[in-house]
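Given the coordinates of chain A, assemble chains B and C onto it according to the supplied hints.
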Amino acid sequence: MKKTFGHKLTIVYVAILTVLTYVPILLTVIYSFNESKLSTVWNGFSLKWYRELFRDSDLWEALLNSLILAGSSCLLAIVIGTTGALGMHGRKSKADKAVAGLSLMPIMIPEIILGMVFLAVFSFMNLPFGMLTLIIAHTTFCVPYVYSMVKARLVGMDKAYAEAALDLGATPVRVFFDITLPLILPAILSGAMLSFAMSFDDVVISIFVTGPKVNTLPIKIYTKVKTGVTPEINALATIMLVITALLLVGAAFINKIGVKEKSEKGERK
Amino acid sequence: MAKQSQGRKVKEAKGNRLLVLPIYIFTLLFVGLPFVYLFLLSFLKRAEVWGVDFTFTLENYKRIFSPMYLGNFADSLKLAFTSTICITLLGYPYGYIMARMNKQWKKRMLLLILIPFFTSAIIRLYGWIIVFRSNGVLDKILMGLGLTEKPLKLLYTYPAVVVGMIYALLPFMILAVYSSAEKLDYRLVEASRDLGASSWKAFWTVSFPLTLPGLLSGVVLTFVPSMGLFFIADLLGGNKIVLVGNVIQEQMTKGRNQPFAAALSVVLLILTWLILKLYRNIAGTSELEGIF
Amino acid sequence: MSEILRLEKIHKTFDDTEVLKGIDLSVAQGEFITLLGASGCGKTTTLRIIAGLEMADEGKVWLDGRDITEMVPNKRNVNTVFQNYALFPHMSVEENIGYGMRLRGVAKSEIKEQVEQMLQLVQLEGFEKRRPDQLSGGQRQRVAIARAVINQPRVLLLDEPLGALDLKLRRQMQLELKKLQKQLGMTFIYITHDQEEAINMSDRIAVMREGRFEQIGTPNEIYYEPKTSYVASFVGDANIYRESGKAYAVRAENVLMDGEAVCIHEAKVVEKSFAGGQLRIVFELTDGQRITANRYGIDADRSVGEEIKIGWKPEAAVEVADEKEEYHGETESR
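Those sequence lines, one after another, are chains A, B and C.
Residue 263 in this note's numbering sits at position 263 of the first sequence; the count goes up by one each step and never skips.
Residue 23 in this note's numbering sits at position 23 of the second sequence; the count goes up by one each step and never skips.
Residue 274 in this note's numbering sits at position 274 of the third sequence; the count goes up by one each step and never skips.
To be clear, the hints were calculated from the coordinates, so they are not data collected in a lab.
Built from N, CA and C at the ideal position, the CB exists for glycine as well.
Keep in mind that a hint or two might mislead.
Said to hold, decoys possible - Computed spacing ranges between beta-carbons, pair by pair:
{"id": "1", "chain 1": "A", "residue 1": "K8", "chain 2": "B", "residue 2": "L188", "range": "22 to 30 Å"}
{"id": "2", "chain 1": "C", "residue 1": "E128", "chain 2": "A", "residue 2": "E52", "range": "52 to 60 Å"}
{"id": "3", "chain 1": "A", "residue 1": "F45", "chain 2": "B", "residue 2": "F81", "range": "39 to 47 Å"}
{"id": "4", "chain 1": "B", "residue 1": "G51", "chain 2": "A", "residue 2": "D58", "range": "29 to 37 Å"}
{"id": "5", "chain 1": "B", "residue 1": "A74", "chain 2": "A", "residue 2": "L102", "range": "24 to 32 Å"}
{"id": "6", "chain 1": "C", "residue 1": "F14", "chain 2": "B", "residue 2": "A74", "range": "37 to 45 Å"}
{"id": "7", "chain 1": "A", "residue 1": "E52", "chain 2": "B", "residue 2": "W200", "range": "50 to 58 Å"}
{"id": "8", "chain 1": "B", "residue 1": "L210", "chain 2": "A", "residue 2": "K48", "range": "36 to 44 Å"}
What the hints assert, rightly or not - Stretches of chain A that chain C covers, calculated by requiring three or more beta carbons in the stretch to come under 8 Å of a beta carbon on chain C:
{"id": "9", "region": "153-167"}
{"id": "10", "region": "177-187"}
So here's chain A without its partners, still in its complex pose (with noise of 0.2 Å):
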């Protein structure tokens, strides 16, 4: 095709735009490394505040805490949202619709509410405020990633796969071992990353209902950040970048597997 200018314009746009979105990112990856305390002056490269977060247990606790945290939400909701994909599948109930428009109302909602009722709901029953109220606030926003992903792709799953195996002499628990469960886990597996990835990065929600001894990571920094800024901060934020990049890249190359199986129906079609 001939580039034309408005071709080349829209491009151009693209480009400026990706570029901005990255340069605060940017910044604080090279802030990182800046010798001096101040992020307005460039004092030489050093590794200084990395060395720094090393040290500062606190942060390693909250390391702790964030991974554990978002690492139960995301198992439950795997457990929860894949179950519950399933069982409603293929059912016209208005008892299944109206709960799975309940199960969707955390992520369709601004955050700060969801946080302000567990807050609110938590001190009614009198549960400690801590890793547990955190737990299940957080598996409330991480159930409906893993559930709208299964269903898509057992909506988009063409039906034949099951009543062929189940022709060939399958029984219902075969078909769902064999057929069904390795063609959704895909979806189970990036629903389950979209929630680690959203648990381990929440603030709003954690601020409410965490408890006087337990910091997340996230909580962590913003109060940090509000208290001014420390090139520390720089260094984490770097670390957490990066981990995040290799969990999206991760996710891109599970959902290589699901894509293939995609295109192979596209065409069949």
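Relative to the frame of chain A, chains B and C by itself:
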């Protein structure tokens, strides 16, 4: 039908029905009940010292209609509108162009969008603090170019908050538009060109209406959260800009007035519900394009 | 020949629509029988009821003298080649073909051996490790057949297995399938909407229409002795000529023009077209009936508007049960 009621049916896997139990229990217990409680709470009184006094009152809702809190709602809506308009103008072309790229570039661009999307919003906003702060990167560049003489003191201003909002929510719009533009059968555009439409006309008569669901869903996905992202106003706006989100947060923590925070949340929920309903009516579907 | 499968008064209703209106069918051991009909006539539903993927509301299904009406599909000794093959995308060719045997707990070495044989049979040696998305349409088709045949089902059900292939490949596969069926001596129940395919391959054809069998018979019977005007116009290219309350099917190639003694009908040429070496002329009789003639060679050319006499030999007109709705549409698009 009488014939169907004879009940011969292919047997489904047993226990299929039991599979819905976890989601039923969890959702009703931890989503349904809390929101019922929220609603009740908004009609209660705050206790003198700590907690809630279980007597009915409409006081909380009356208080919302005082000029100060109405002002907060107006500010929140104004900010949400401003951000959403900016995001739409910036994000729609981006998502549309992205969907027209070849397969390899699509994948690369998607990864480029998703990395910041999945990185903590706080961390990303933190980068803007470095840019905006007095004597920060932006000031340095502007002064270096001789465009300004003194630091602009951009941090803790309204524009800084808008930039923060755009930055935090732009990916939602891009992804929503992208996913709907990707499904667009480009042969339709070619057909309209073939029938004599200019490329501009073809866009407005074919591409745009067909990608409108993505655009609308992007609007919902940016407008709704922007009413509650209190920490953006907090970090980039100092305490000069007070949004409903900030009020709720303050009432819950420092103010210790849970019922009032609940009433504010209920009003915000109703606003959200109205927006979703509006979307449903215009787009004809309740499914949002984009993240899924 | 002994009976292997029998359908008895099968009824099936989906959402208020009666898809099958009490069909009866008896299939003999080793027979190649085709259910032929336009889309929506109920042929796929019939097949799914035999496979057990759908349950009949009323009626019975007998396999080898046993009532299998309510038997679950995985217990039935029938296998299906699905319309779009339904090859498991996450399994290799080898795993797909061996899946049925694996379910029966056959030893791995035995499975491997049989899969090898099967691949040889369908000429796909060396494709063991490929995944379905790395195969062409024709290759997927062969894998789907191998996956079903390897289980040595009493009856093999084929749901438009060639529908997704292009014309040339379809012709080739028709021959191969027929050969395979003869070689295995297996009973095939085949579904198609393509009358040419049905005539080429089948021992018997059951023409289906709106949930009923219109006529069941050998290809010759269906073609030369259609019982109803629908069958006559669906299979081949027959004119329905109506005279004094009776209807006759006259094949377009049997319509004669001028000069022959039997040409007794006044007609006017209203349309003509030339396709595939065949000249197609549409006449309108004085009473308004339209008759189409297929001729080979340019000598038969007539210009539109020309008045002419046409007719057919008495033996070329077969009396059929008249129905106002004949089959006019093209065979369904793909």
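**Study point:** Index of numbered hints that the structure contradicts, given in increasing order
**Key:** 6 and 8
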